[in-house]
Amino acid sequence: MAGSFRKRRGGETSPDERTPFHDAFVALYEGQFPGLLRFLARLTGDGERASDLAQEAFVRLHRRSAMPDSPGAWLVTVALNLMRNERATRLRRARLLDRVPGERLVGDAPPDPEAAGDAAKLRARVRGALDRLSERDRQLLLLRAEGYGYRDLARILELNEASVGVFLARARNAFLAVYPEDDDASR
Amino acid sequence: MHLDDERIERRRDDELEPVERIEADRHLADCAPCRERFERARSADARVSNLLRGLDPAASARPPLEAILARARVRPRLRVPRFAAAAALLVVVAGAAAALPGSPVRAWLQGWMGGAGTRPATSPTVPAPVAPAIGGVAVTPGARLVIELRPTGAGESARALVNLVEGEAVVVSAAPDVAAFDSEEGRLTVRVSGAGLVRIDVPLTAPEVEIRVHGRRAWRLAAGRVDASVPADSLGEIAIPLGE
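Chains as they are written, first to last, in this note's numbering: chain P, 1 to 187; chain X, 188 to 431.
Think of the hints as simulated: they come from the structure by calculation, not from any bench. Keep in mind that the hints are not guaranteed to be accurate.
[As the list claims (entries may be wrong)] Restricting the straight-line Cα-Cα distance to at most 25 Å, the calculated cross-link-like pairs of lysine to any residue (SDA-like) are:
no.	chain 1	residue 1	chain 2	residue 2
1	P	Lys121	P	Gln139
2	P	Lys121	P	Asp131
3	P	Lys121	P	Ser134
4	P	Lys121	X	Gly241
5	P	Lys121	X	Arg240
6	P	Lys121	X	Ser230
7	P	Lys121	X	Ser236
8	P	Lys121	X	Asp232
9	P	Lys121	X	Arg234
10	P	Lys121	P	Leu97
11	P	Lys121	X	Asn237
12	P	Lys121	P	Ala177
[Said to hold, decoys possible] Here are some chain X residues pointing at chain P (derived, C-beta under 7 Å):
no.	residue
13	Leu190
14	Asp192
15	Arg197
16	Glu202
17	Ala231
18	Leu242
19	Ile255
20	Ala259
21	Glu353
22	Arg412
23	Val413
24	Ala419
Think of the CB as a built atom: it goes at the ideal place given N, C-alpha and C, for glycine as much as any other residue.
Start from the sequences and build out the full structure, keeping to the hints where you can.
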């Protein structure tokens with residue numbers, strides 16, 4: 001579809017948008033936004049924050065006005081950088097406000113909801129296990145679950161591409177080792 | 188020779204080249220220990236995938252493409268805590284603050300409006316910038332800045348919402364019928380005459396910023412810590428009532 005004229009939901013495409021980049025951007029948005037959003041929501045445990053991050057990554061890509069080599073990996077990398085910057089800001093703010101160490105801020109993973117239903121309890125257990133992993137292992141598992149290939153995983157997480165499978169296996173084993181198996185079995 | 192872990196994983200994730208895949212399949216057919224490792228890996232992977240699916244809350248709606256494009260066209264010079272609020276706050280703060288002599292917002296506004304003017308709106312769902320409904324001022328705090336809030340009349344029931352943000356400027360904003368601003372070296376006076384909200388964004392890195400209400404200290408950032416007359420909410424914001 002590169003170079004063609006497209007009609008979008010919500011109105012005609014204006015003349016200044018009829019570019020190969022715009023067409024590629026629209027296709028990428030339609031194809032990759034849901035997966036990026038799901039990855040970020042799983043990672044942060046906060047749908048609204050995940051949506052902000054995913055949108056901002058696409059905004060940055062549009063401002064770039066050119067497609068990177070691997071657009072999917074680029075979007076994830078930008079979103080993770082934004083997340084890191086945002087987290088650093090929140091931590092600095094918390095330090096200045098003299099919060100009790102370990103106190104949760106809005107946007108952190110939710111606490112274990114004792115009174116919540118089975119789905120929420122399962123979610124809390126999975127999140128608890130993920131939180132005990134290293135950041136790299138956590139991102140590796142969640143990105144792979146979204147279908148990112150080994151080359152993209154290596155690019156995003158700066159791994160040796162020849163060893164991505166081993167890293168994945170270790171991350172998976174680490175996750176299963178800390179996941180509370182007995183609770184799950186007793187349900 | 189057995190398949191190494193990398194090859195087992197790559198076979199499972201279909202990441203082998205065709206020739207390698209044929210070789211791996213041939214080996215798996217003949218080697219029971221490798222076949223067992225492969226099945227164990229496959230089973231563990233299925234279990235992890237299944238558990239991770241349990242993390243998903245109710246499906247989030249994808250925002251309209253037009254919203255992304257509109258945000259991409261606005262290049263904010265001021266940074267605000269929530270991405271979604273960036274464009275709106277920039278418009279409203281910049282609009283009235285540009286009128287203040289010496290305010291850096293004048294240049295920001297000219298730059299932003301100039302940029303926006305050269306790019307026609309491309310979607311009927313994206314409104315063009317409108318006349319600002321909120322005014323404000325941006326001040327570089329220097330070594331010490333005192334923000335003096337002087338409520339009168341209905342302003343006694345107003346509140347100041349203080350937030351620590353990234354960036355370099357202290358930004359104070361409010362609706363025009365709520366507050367007016369005067370600035371001088373090291374001091375910003377906010378005359379609050381209407382009930383409403385006065386928003387004060389203070390850079391995390393500001394050396395010393397003090398907010399006074401009725402001449403009394405209500406909030407202070409100095410030496411890397413905040414002292415406030417009221418506690419912060421869960422977002423880290425502090426709402427200070429302006430009544431006596």
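Now the hints, each set against the structure:
1. Restraint check: the Cα-Cα separation between lysine 121/P and glutamine 139/P comes to about 22 Å, which is no more than 25 Å; the hinted pair holds.
2. About 15 Å separates the Cα atoms of lysine 121/P and aspartate 131/P, which keeps this hinted pair within 25 Å; it holds.
3. A threshold of 25 Å between alpha carbons decides the hint, and for lysine 121/P with serine 134/P the separation of about 22 Å falls inside it, so the pair holds.
4. Our distance criterion of 25 Å between C-alpha atoms is met by lysine 121/P and glycine 241/X, whose separation comes to about 10 Å.
5. For the proposed pair lysine 121/P and arginine 240/X, the alpha carbon gap of about 14 Å is at most 25 Å, so the pair holds.
6. Under the criterion of a C-alpha separation no larger than 25 Å, the hint pairing lysine 121/P with serine 230/X is consistent with the structure, at around 23 Å.
7. For the given pair, lysine 121/P sits about 17 Å from serine 236/X by alpha-carbon distance, which is consistent with the 25 Å threshold.
8. Between lysine 121/P and aspartate 232/X the CA atoms are separated by roughly 21 Å; this keeps the pair inside 25 Å, and the hint holds.
9. Of the pairs offered as hints, the one joining lysine 121/P and arginine 234/X holds, with about 17 Å between alpha carbons and a cut-off of 25 Å not exceeded.
10. For a cut-off of 25 Å, the pair hint linking lysine 121/P to leucine 97/P is broken: about 31 Å separates their Cα positions.
11. For the suggested pair lysine 121/P and asparagine 237/X, the alpha carbons sit about 15 Å apart, so the restraint of at most 25 Å is met.
12. Under the criterion of a C-alpha separation no larger than 25 Å, the hint pairing lysine 121/P with alanine 177/P is consistent with the structure, at around 18 Å.
13. Checking leucine 190/X against chain P by beta carbon gives a least distance of about 11 Å; that is not within 7 Å, so the hint is violated.
14. Here the hint on aspartate 192/X is kept, as its CB sits about 5 Å from the closest CB of chain P, short of 7 Å.
15. Below 7 Å, beta-carbon pairs count as interface contacts, and arginine 197/X has one with chain P at about 5 Å; its hint therefore holds.
16. Among the interface hints, the one on glutamate 202/X holds; its C-beta lies about 5 Å from the nearest C-beta in chain P, closer than the 7 Å criterion.
17. Against a cut-off of 7 Å between C-beta atoms, the interface hint on alanine 231/X holds, since the closest Cβ of chain P lies about 6 Å away.
18. The beta carbon of leucine 242/X is positioned within 7 Å of a beta carbon in chain P (closest approach about 5 Å), and the interface hint is therefore held.
19. Given hint, isoleucine 255/X at the interface with chain P, holds; its Cβ is 5 Å from that chain's nearest Cβ, closer than 7 Å.
20. Of the supplied interface hints, the one on alanine 259/X holds, with its beta-carbon coming within about 4 Å of a beta-carbon of chain P, less than 7 Å.
21. For glutamate 353/X, the suggested interface contact is upheld, since its CB lies about 5 Å from the closest CB of chain P, less than 7 Å.
22. For arginine 412/X, the shortest C-beta to C-beta distance to chain P is roughly 6 Å, which falls under 7 Å, so the interface hint holds.
23. With a cut of 7 Å, the hint placing valine 413/X at the interface with chain P holds, because the nearest CB-to-CB distance is about 5 Å.
24. A cut of 7 Å between beta carbons decides the hint on alanine 419/X: the least distance to chain P is about 5 Å, and the hint holds.
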